[in-house]
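*Asks:* In order, the protein sequences belong to chains A and B.
Each residue of the first sequence is one higher than the one before, counting from 1 in our numbering.
Each residue of the second sequence is one higher than the one before, counting from 1001 in our numbering.
Hints are computed from structural coordinates only; laboratory data are not their basis.
A portion of the hints provided could be inaccurate.
Claimed, not checked - Rough simulated footprint, nothing fancy, chain B against chain A, three-plus residues with beta-carbon under 8 Å: (1) 57–70; (2) 100–113; (3) 116–123.
To be verified - Derived pair list, reagent style DMTMM-like, types lysine to aspartate or glutamate, alpha-carbon separation capped at 25 Å: (4) B/Lys1075 / A/Asp94; (5) A/Lys263 / A/Glu295; (6) A/Lys76 / B/Asp1017; (7) A/Lys281 / A/Asp271; (8) B/Lys1002 / A/Glu100; (9) A/Lys22 / B/Asp1078; (10) B/Lys1012 / A/Asp271; (11) A/Lys23 / B/Glu1130; (12) A/Lys283 / A/Glu295; (13) B/Lys1079 / A/Glu88; (14) B/Lys1012 / A/Glu117; (15) B/Lys1079 / A/Asp271; (16) A/Lys187 / A/Glu130; (17) A/Lys99 / B/Asp1078; (18) A/Lys186 / A/Glu266; (19) B/Lys1012 / A/Glu100; (20) B/Lys1015 / A/Asp271; (21) B/Lys1002 / A/Asp73; (22) B/Lys1080 / A/Asp63; (23) B/Lys1002 / A/Asp157; (24) A/Lys82 / B/Asp1051; (25) B/Lys1075 / A/Glu292.
In this text, a Cβ means the ideal position worked out from N, Cα and C, and glycines have one as well.
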Amino acid sequence: MGKVLELENVHKAYKVGFIPKKKPVLKGVSFHVNEGEIFGYLGPNGAGKTTTIKCILNLIFPDSGRITIFGEDSLKPRARQKVGFLPENPYFYDYLTGKEFLAFYAALLGIHGREREEKIKYFLKLVGMERAADLQLRKYSRGMLQRIGLAQALLNDPALVILDEPMGGLDPIGRKEFRDIIVNLKKEGKTVFLSSHILQDIEMICDRVAIILAGEIINQGYLGDLISEKVLFTEIVIAGVPAAEFNHLGESVSTSGDRVLLKVYEEEKIDQVINLVQQKKGKIVSLIPRTETLEDIFVNMVKNQ
Amino acid sequence: MKIITIALNTFKEAKRDRVLYLLFFFVIICLVFSRFLALLTVGDRMKIIKDVGLASISLFGMLMAILMGTGLVYKEIDKKTIFTLLAKPIHRAEFLLGKFLGLVLTIFIMTVLMTAIFMLILFLHTLTFEWKILVAILFIFFELCLMTAVALLFSTFTTPILASLYSLAFYLIGHLSWSMEMLIKKVKSGAGRTALKILYTVLPDLENFNFKTEVVHNLPIPGKLLGYSFLYGVVYTTFILFLAMIVFRRRDFV
């Protein structure tokens, strides 16, 4: 598998204040994205996710370090020939209609005539925006802008798609549809780089992730390697037995009506709980073993820093 | 091709700008007003109409160039539309040149419209077309192209209000700098004179584009002077655009 995108020791500092003082945003970011994978770029707000993406796309010039896209230096416009980009909170020319908007970007990419018509039609359908094709973008909702923005990013049949917080502002159905589209992109052999702080989305679709915190990559690798299969604790919901009975077996998290939610950390104590419930003629409503999630790893890392 | 696409989109955006129509409205008022002003004049009334008319086209054209030129690039950055645009495989120079050409196209169409109304008012008076006036207007247009480039240059690094003020200052300096030429003639040769000469070369001389007096008073215009003024316009506009590209080339879009 070839490397589609590679960052080596990228540094960037912004000048702030009246007497310019350098505030470092990226402190030596290095990672690479392999061909054909969905790569998740993870970090809390202000960690430097968008700055990294802007560096990749040449909207911001790194102070030092090297960025290559398909082996080509990112400083050359040619490197962006096969890249599609959807910015966070996309802003577009609001006086254009959806169709005109896509036509404009297609023309910039050198797509003309009949091919352009067909592509516009195809992508409007893909993102479910056919009905709004002749509506001015100023009348679009945020979710609609996100969709038309994705169509814009895919116009040039990119081999690398860069999405900055693509699920932000979408409703649950929209998010599912977006996830499906992203997974489909992978099936078509495209590489997807997506940044997000919504861990659920990343966990569901990404192959590999990098976690950035305060401008530094603190962990990266395959999702399977980062998340252990180990059971952290078991959540048991019990009905008909008072919470006080279980004090020595686990931690009762909440009670509602006659139901108790119990967190049990040791495996052998699970059987004891079940036995006790049977003795007291109660009922086990549910029993869910909780394994480590990306969220746990993430929260731990953020705390440790 | 990409430049033309950006230019056409800029034109599309510019023609939605209300400021444009407001200024156009004022031009028409001024042109009509010149007719009434002429009634109060002793002597050649046509001169007043021509003088006020040409001055109006020049002044309001300049305001259009500055207000639109300073707004458009800034708006792209401020509204973040530039992110998706520059993420496409285009050079920043192509973007800037596209913006410039789109604005020039807008200014050109506005100038043509203003001229048509102006010529109509003149025709109603004299029942003849004075084609010589078009020479003066053509050079007003060249000046407007230069002002558009200047507005664009300032808008690449500062806010519209500051950029407008800088552009206005450029315009005023440009129309007053000819007096330096006279000063140079009076100063004795030496360091002072050389310094003045350098300063005069760097500063714009927008009076080079001013053929209003010649046209209004029906004085002969030497072809060489027209050629020189045209060349001056081309070189200075290219120089300003070049500066704008240098500023824009390494700019971070945070």
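*Asks:* Can you confirm whether the C-alpha distance between B/Lys1012 and A/Glu100 stays at or below 25 Å?
*Replies:* With Cα atoms ~11 Å apart, B/Lys1012 and A/Glu100 stay inside 25 Å; holds.
*Asks:* Would you check the hint for B/Lys1075 and A/Asp94, treating anything up to 25 Å between C-alpha atoms as holding?
*Replies:* Between B/Lys1075 and A/Asp94 the Cα gap is close to 12 Å, so the pair holds against 25 Å.
*Asks:* Are at least 3 residues of the segment 100–113 of chain A within less than 8 Å of chain B when you compare beta carbons?
*Replies:* That given contact holds, which follows from 6 residues of the segment 100–113 of chain A lying within Cβ reach (below 8 Å) of chain B.
*Asks:* With a cut-off of 8 Å between beta carbons, are at least three residues of the segment 57–70 of chain A near chain B?
*Replies:* holds (count 5)
*Asks:* Given the hint that B/Lys1012 pairs with A/Glu117, does the C-alpha gap stay at or below 25 Å?
*Replies:* With a Cα-Cα distance of about 20 Å, the restraint between B/Lys1012 and A/Glu117 holds, given a limit of 25 Å.
*Asks:* Are the Cα positions of A/Lys263 and A/Glu295 separated by 25 Å at most?
*Replies:* holds (18 Å)
*Asks:* With a cut-off of 25 Å on the C-alpha distance, tell me whether B/Lys1079 and A/Asp271 pass.
*Replies:* violated (61 Å)
*Asks:* A/Lys281 and A/Asp271: Cα distance at most 25 Å?
*Replies:* holds (15 Å)
*Asks:* Given the proposed pairing of B/Lys1080 with A/Asp63, does the C-alpha separation stay at or below 25 Å?
*Replies:* Holds - the C-alpha atoms of A/Asp63 and B/Lys1080 are around 22 Å apart, at most 25 Å.
*Asks:* Next pair to validate is A/Lys283 with A/Glu295; report whether the Cα-Cα distance is within 25 Å.
*Replies:* At roughly 31 Å apart (the allowed maximum being 25 Å), A/Glu295 and A/Lys283 break the hint.
*Asks:* Tell me if chain B covers the segment 116–123 of chain A under the three-residue, 8 Å CB rule, please?
*Replies:* With 0 residues close enough to chain B, the hint is violated.
*Asks:* Is the straight-line distance between the alpha-carbon of A/Lys82 and that of B/Asp1051 25 Å or less?
*Replies:* violated (57 Å)
Hint compliance for this structure: hints 3, 6, 10, 11, 12, 15, 18, 20, 24 and 25 are broken, all remaining hints hold.
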